[in-house]
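A.B. asks: First to last, the protein sequences are chains A and B.
With my numbering applied, the first sequence covers 286 to 615.
With my numbering applied, the second sequence covers 5 to 339.
Source of the hints: derived by calculation from the structure; they are not laboratory data.
Please note that a few of the clues may not be correct.
Where chain B lies over chain A, by a calculated footprint (3+ residues, C-beta under 8 Å) [unchecked claim]:
| no. | segment |
| --- | --- |
| 1 | 379–385 |
| 2 | 400–413 |
| 3 | 509–519 |
| 4 | 533–540 |
All C-beta atoms, glycine included, are put in the ideal place defined by N, C-alpha and C.
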Amino acid sequence: MSLLRIRNLSVDFATAGGAFRAVDKVDVDVAEGELMAIVGESGSGKSVSMLAAMGLLPWTATVTADEMSFDGTDLRRISGRQRRKLIGKEMSMIFQEPMSSLNPCFTVGFQIKEALRQHLDMDRKERHRRAVELLEMVGLPAPEKRLASFPHQLSGGMNQRVMIAMAIACKPRLLIADEPTTALDVTIQAQILDLLTDLQKETGMGLILITHDMGVVAETAERVCVHYAGQKVEDQKVEDLFTTPHHPYSAALLAALPERATERRLPTIPGVVPGQFDRPQGCLFSPRCKYANETCHKVEPPVQPDDLGRARCHYPLYSPLEKPAEEAHA
Amino acid sequence: MLRYILGRLLTFIPTFIGVTIVSFGFIRVLPGDPIIVMAGERGMDQERYNELMNQYGFNDPLLVQFWDYLTGVLQGDLGQSFVTKRPVWDEFFALFPATLELSICAIILAVMLGIPAGVIAAVNRGKFFDRALMSTALVGYSMPIFWWALLMIIVFSGTLGWTPVSGRIDLLYYFDNTTGFMLIDSLLSGQDGAFLSAVRHLILPSIVLATIPLAVIARQTRSAMLEVLSEDYIRTARAKGLRPIRINGLHALRNAMIPVITVIGLSVGTLLAGAILTETIFSWPGIGKWMVDSIYRRDYPVVQGGLLLIAVMVMVVNLTVDLLYGLINPKIRKR
Ligand SMILES: Nc1ncnc2c1ncn2[C@@H]1O[C@H](COP(=O)(O)OP(=O)(O)OP(=O)(O)O)[C@@H](O)[C@H]1O
Ligand SMILES: [Mg+2]
């Protein structure tokens, strides 16, 4: 039973240059206690798809989906009031930019306690105790003192810990962490990731970890979705993806990992993610794909079955039926 | 903090000197001779005229006159009114409460209406309410005050007969001038209906005086809110499941207030300028009307001293606003 279940999610933005499809027919399934990662280059719609699930997109966005439900509650038809009961409590999100995601005018303590006050029936003392406890959980030294700090008095890493404390304050069943470490320096990155995975094990919540770092995926996640240009191009168990990637884009991402490089120079994927005005026909990855043929350039690829990683590809790699792509790869 | 205030007070010195020069020069640039005005219709002979010119020091070189004025000011002596012979200082403080009362009512009105209007417009941006409100604000901003005041008088005092045309209270009532604030004094007097009468006299001048600051505050609040509403921390607030009223009214407005406070401070200057016109039209016995009357009478010491005191007032208000600014914006406070 999935906690979050999304079918055919598309998000269009009304922009000055016309409508722009940032998320294109994406499916998401996360079960309670599962750690799922979403990887993809910048601009591949990772954040937007999750913001859509939370209902936090700006008014310029149009969201369509065949299904979008949290624990059986239809998120598409939910009223504002019902949604406010859900987000911040049952499902919560940590944002990409810790520095700008906290309100500069209020103390850290105020902002954490506010989440508690909104959803839990606690008195002032209990809220304070819980806030201290949360800051201890996320590993902030001198929590009592920190509660009185303003965000600008803390470092980026500390702010990110505060954001995490705020997001887990009401013990959510699903936590979406949107690149929780990209704004931080390398030593802090590992700490924050450990913190998140530990919390997930401890509380048994579902965790969606958005990242563009395959290395992070290998270390933490159980299942991984690869996003490309707004589409989900592959969805597999992590071990399977690392041994048998079915989509050429996933394969290229893996080949770009430093520890996998066979030559001295890292292989890179030529070209860039298509934007609003250079969306190709057929397969969106075809202009950058070394296996692409006529069909790929003309015809939109189907979604392959589960055992082929739901790859959005005409000629998935490591396919038991057909060999050409795999041979070419080898 | 104390150092900051002291630093700011130091910057007052050049401004202060500038203002003394301007206020001293302004009245002397105007054509007309104070002694002749003083003599009135009766006129006076040449001998008496010369005597008075000497007595008031108008025959001295300008620099000497300015020096006398400046040394007086530095000792807290602003001179005496030619007309009433009372010290400028005393007159100012006798009349100032009337202006203060009117200005406070006007600024309260402007803030209480302007900020919610700006917030509501920003939250409903592009919709009917936003457009209607902002075009009204533009009209209010560009309205000539005297015309607007006359229009209000004609409609509300004339046609409808709801409000009195001038003064601070009905002549019926008489009581001691305890605080100088009519609203308070009328309450203290305990006389039936006095307070109501004072309120009714305040309504129209307050509305007229509030019009421009109201428009400015509403527009500034709207644009500051629009900027803040697209910030990441607003999304965080929404992600907590907070109610829109809390998000807009607390998380967004608190940040939007930072530029709005500045504008409110600046409109105090506009308010005093507006008070001059408003008080004249409504015969409101405050310093605005006092200044205008004194200019007509070429009452040099009053004009000089009055301008100086008004300027100092504006400077003090601006300093207060800066301090308030630090109180609202924690990033500044700790430095
Ligand atoms: N409010 C918006 N209006 C218009 N376009 C938007 C808006 N928000 C996002 N987009 C566009 O949607 C696309 C996907 O953005 P998204 O933030 O989901 O990317 P991402 O995968 O999270 O990338 P990153 O790794 O840089 O965070 C981008 O091309 C972006 O420009
Ligand atoms: Mg993102």
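A.B. asks: Please go over all the hints and tell whether each is borne out by the structure.
C.D. replies: Status of each hint after checking the structure:
no., hint, result
1, 379–385, "holds (count 3)"
2, 400–413, "holds (count 3)"
3, 509–519, "violated (count 0)"
4, 533–540, "violated (count 0)"
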